[in-house]
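Chemist: Here are the chains, one letter per residue:
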Amino acid sequence: MRKEKVVLLDHARIGTILKHGGFSALDAIVSRGDKFLYVSQVHDKELLQNIGSDQRDAFAAWLQRKTYKGKVLLVDPVKSERDKNKFDPDQKRLSARGGDELWDMGARKFMLENKSQYDFEVISADKGILDNKFTAQTDLTRLQFERVSMKSVMTWVLSHPDVELTPQQFETIRTNVLKPRDDGYGSSHNLEKNRYLVPDSYEAAETIKAEARQAAKLEERQKRKTNRKRAANKARKLFDAGTPVIITAATAAALHELISGEAEESGNSYLEAAQTLGIEFSREQLTELAAEAGIDLAVTFTPIGPVKKAWDVLGNVDDIVAVTQLYGAAYPDNETIQQMAGIADAVEGTAAFETYVEGRDALTGAVGGAIDWVFGTSADEEEQARSLGDLRELVEIGGDAAGDAFKAGATQEQVADVLTSAVQARAAAQVTSGKPLAEEQAPLSAPVPTADQLSPETVLPGDGTVPASAVPTLPGAQPILPSSFEAGLEPGLEPALEPGLDPASGQASGPETAPAAAGQIPDRAGVSGPDEDGDRFLRKTSYKTFRKIGRTPEEEQQGHDELWEEFEQGYLEMNGHEQAAELLAARRFSRRWALSDYAEDADGLMLKYPLERVYPNIEEIGYSYVDEDVNAALSHQGIRAKKWYLTPNDKTGGDWEQGWMDEDGYGPRMTLAYDDEAGQRHRLSDSYQVNVRGAAIKLKQKQLRAERMKAGQTAPAAATGPRVDIPKKAPVALQAPTSVQAPVPTPKPDVRPLV
Amino acid sequence: MANIEDITGWREELYEFNEYGSEEEHKQFYGKYNNGIPPDAKLSQVLELVEVLLKHDETREALKKMSVWEKIKSANEYDFLEDNPKFKERPDDAIDLIIDFFDWFCWKQGYDWAAFGFLNASYSTSIRILDGELPDVRSHTTVDHVLERYKRTLVDDREGKIT
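Protein chains in written order, with this note's numbering: chain P, 2 to 756; chain F, 174 to 336.
Treat the hints as calculated values from the structure; they're not laboratory data.
Yeah, the Cβ is synthetic: ideal placement off N, Cα and C, and Gly gets one too.
One thing to keep in mind: the hints can contain errors.
[To be verified] A short, non-exhaustive set of chain F residues, derived as facing chain P with CB atoms under 10 Å:
(1) E192
(2) Y206
(3) N207
(4) E243
(5) I271
(6) A294
(7) I300
(8) P308
Start from the sequences and build out the full structure, keeping to the hints where you can.
Modeler: If you want it as C-alpha cells, here you go:
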C-alpha cells in the first residue's frame, strides 16, 4: 500500500510564502503531500518574529481548517538538551551562523519517529536540513526523504493552476527565484528530483495555468463520466421487484439527473446520453417511476431524504451503497450527498465489507444508525454535512476495526453507538464546552489509532482517554472479564464481590471492560505466549468469531433460555424499553457465557463458565499464571503435551458462584485435558484448580524485588536528597502493603471510539 | 484555576520540567494532540494570560519591546530575511521570553498548550492594551474585541455563554 506523503515545510518560510503568494500558494505547497507537518511552537515564534498580526490571525484560522480536514500532523517541539543533542547532533544551534534549529529538530524528530508510516518531502531554503549530513554519528543520516528547495517550490508555484497571483506578486516571486545563489529564495539543491521551469512572463504563466486547468477539467469530466456509468450500472438492479417505491422513485430521479448532466456536458441528446450510461429507461419511464412517489422530475429536486431513507429501508447492503453512490454521482455539488457517498465508498472500502459477509450488513447498518443520529440532531445542512464528514473519516479510519468488532461478536447497535459517540464528540469538540477538552476526555483528545494500532480483536480497548459508551457487548465481543483480584491478595481479604461484577466499580462487566487479555493466548505447550506488551503480531483469527452457543443442543437451549430470561427481567426493569432490555440482557448474560481460548474444541463456541469468566485476569500478567501453573503440573507428571485445555464442567459454575477462589487460594475446578505429541487427547482431571493466590504472591514478590532494586540503583544519586530506606526485614510477601500494590485489577477501560 | 500572583522562579520551573520531566509528561503536555485535533482557545484563558502578561514587570517589559517590533513589521512591507538591516532590531530575547512564559503558564495552569490561536490571541491583545488601543482586559470593549477578532479560533466559555 502506498504510504502517505507528509510535507515538511520549513516554518521560517511560511511568512514569505504568505507574503508573496498568499494562502493559495501555501495551500498548493502543503497539498503536494497528503499531510502537512506543523511544529506548533516553532511557528509561533516565527509568527511573533516576522509576521504581522493580521496574517497571524488568518494563519491560526487556516491551520484550524486544515486540521479539521485531517491534513495537519503535529509533533511536539524538542525541548530538553538531551533531545536537542539528538536531533541537532552537530550543535548547529550553538554556532554563530546557525539559527535556533527548532524546526529542523522537530522535522527530524518527526521523520525518525514516523519513518515506517509516512514518506516525506522536506521543503526548505536551508542547505543543512536538505543535505542531512552530520559529523557526529547518528541515525538521522539514514532518513530517507525527498528534497525540494524553496527556490524550486516557488518556481513551481508560479505556474500552478490553483494559485492566483497578481502580476505584482508574480514578478516578486520570479525576481526572487532568479536571484543568484543564496539571495532571494536561496539555491536549489543537488539532490532534488524535480526541476521546474521559470515562466518568461506573467502572461506565459497564465497560459500554462490555463492549459493545466483545461487538462484538469477534462480529467474531471472523464472521471465524472466514469462515475456516472459506474453508478448507473449499480443502480439498475434497484429497479428489481421488492425495492420500496420511495427508493425506486428517488433512484429514477437520480438517474434523470445523471442523464441530464451527461447530456449537458457531452452535448448529446437525452436519449444518447442515457445510452452512453447504459441506462435503458426513457425520460418518460423515469418520470413515471418518480411520480409514483410524488416526485416531479420537472421540479428541481435534491433527494437527501430518500438517500438517507435508503440506509433505513434497503435490506441489501450492495443496494445501499449503489444508491448512495448514484446520488453522489448525480449531485456532485451537494455536500451532504457527497459526504453520504463518501461514507458509502468508505464502507465499501473496508476489509470487512470485502471479506466478511455478515460484517457487510452489520457495518452498513451501524453506519446507517450513526447517519440517523446525524440527521436527527443536526441543526442545519452545514452541520449535517460536517457531521457526515466526520462519520466518513471515522469509517475510513476505523471501518476495518468495526468489521473486526462484528466478527468478535459486537452488535450492530453497539458499533453504531461507538460511531455516534465519536461523531458527537467531534461535534462537541468543534463547539467546545466550557470544560477543558481533557476533562471531558472527548475522543478527539484520544490518539487516533492507526491501522497497526487497532487491535485485531476489537475496537474497544480502553486507554482511559475516551468516554465510555456504556453500551454492553454481547459475549464473544469481549470474552474476558476484568480481574477481580485485589481483594484476594492478602489473607483475610477474600474477594467480597459477587462473581461477574467488575471489582473496580462493583458493576457488571460490560463492553467498557475491554478484554484486558485480548491478544493473549495461552502459553500452552509448543505455543509461545505474547510478550508483556501483548502480541503485536497476533493475527486476526476466525476463532474469535462467535458461531454457536453451547456444546450440545441442551446447552444451546440453556443459553437461549438464560438470555431470554435476562431479557424478560431487563424488560421489566427498563420499563418496557426493548433496546435497553436487550443490552442489559446481553451484559448480564456475558457474565457467565463467553468464548474461550482454553476450552476443548471451543472455536467460535460460546461456553458457560469458561476459564476467562471464572479466573481473574491479573494486571500485567493476564492469564499467564494459568499457563505456568498447568505447564508446571504437566511437567511434574512427566507429561509432554502438544496442547492442553481447561474446560468448564459441572463443578465449575458452582465453585465460581461461591467465590473466585477457595480458602486455599485455588480457583474453580475445571477439566484438564491434553493432546500428546501424537495428537491423542487425554483427560487428566475433572477437578483441576489453578493456584490463584500463589500467582498473586509471586507477582507481588517480583514487583517488590524490582522496587527494591530500583531504589538501590537510585540511592547514590539521591545522596543529597531525601534518604531512601530499603526495607530489609521480614519476608516481603508478608509485609504490609507498600506503594507497590500487587496485583491490582485491570483498570476499567473505556470504549474507544473509532478514532 | 487561580490567577497567577507570583511568577518568581518560572524559568527554573520550566527548565526543570523540560529537562527532567519524563517523556510521558512531555508527550502529555506538548504532544497531547499530535494524533488528534487541538481544541480552540478559551476566552477565559486568553484573558487570564493577557492579565498575567501585563501584570508582571518581566513580561510587560518584553511586551514593550515587542510592541516596538510590531510597529516596525507593520511599517515595512518586506521580508525579514536575515540580510535585511531591520533584522538587527528584532528583540529575540523578548520573543523567547514570551514563548517560554507561555509554556510555563499553560503547564502551571493545566491549560491546553496546543489550543488553536491561544498564544496569538493573548499576545496580540496584550500588545493592543499596552499600546492603548484597547482598555482594561476585563472591559466589555476588550472582551468584545477578542471575541470578534478571534471568533474563528476562540470559544466563549464564560458562564452561561458557552457557544
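Chemist: Please go over all the hints and tell whether each is borne out by the structure.
Modeler: A quick look at each hint next to the structure:
1. E192: holds (5 Å)
2. Y206: holds (6 Å)
3. N207: Hint on F/N207: holds, closest Cβ of chain P at ~5 Å, below 10 Å.
4. E243: holds (7 Å)
5. I271: holds (7 Å)
6. A294: It holds, given that the least Cβ distance between F/A294 and chain P is near 8 Å, below 10 Å.
7. I300: Holds. Min distance 8 Å.
8. P308: Cβ of F/P308 sits 18 Å from chain P, so the hint is violated.
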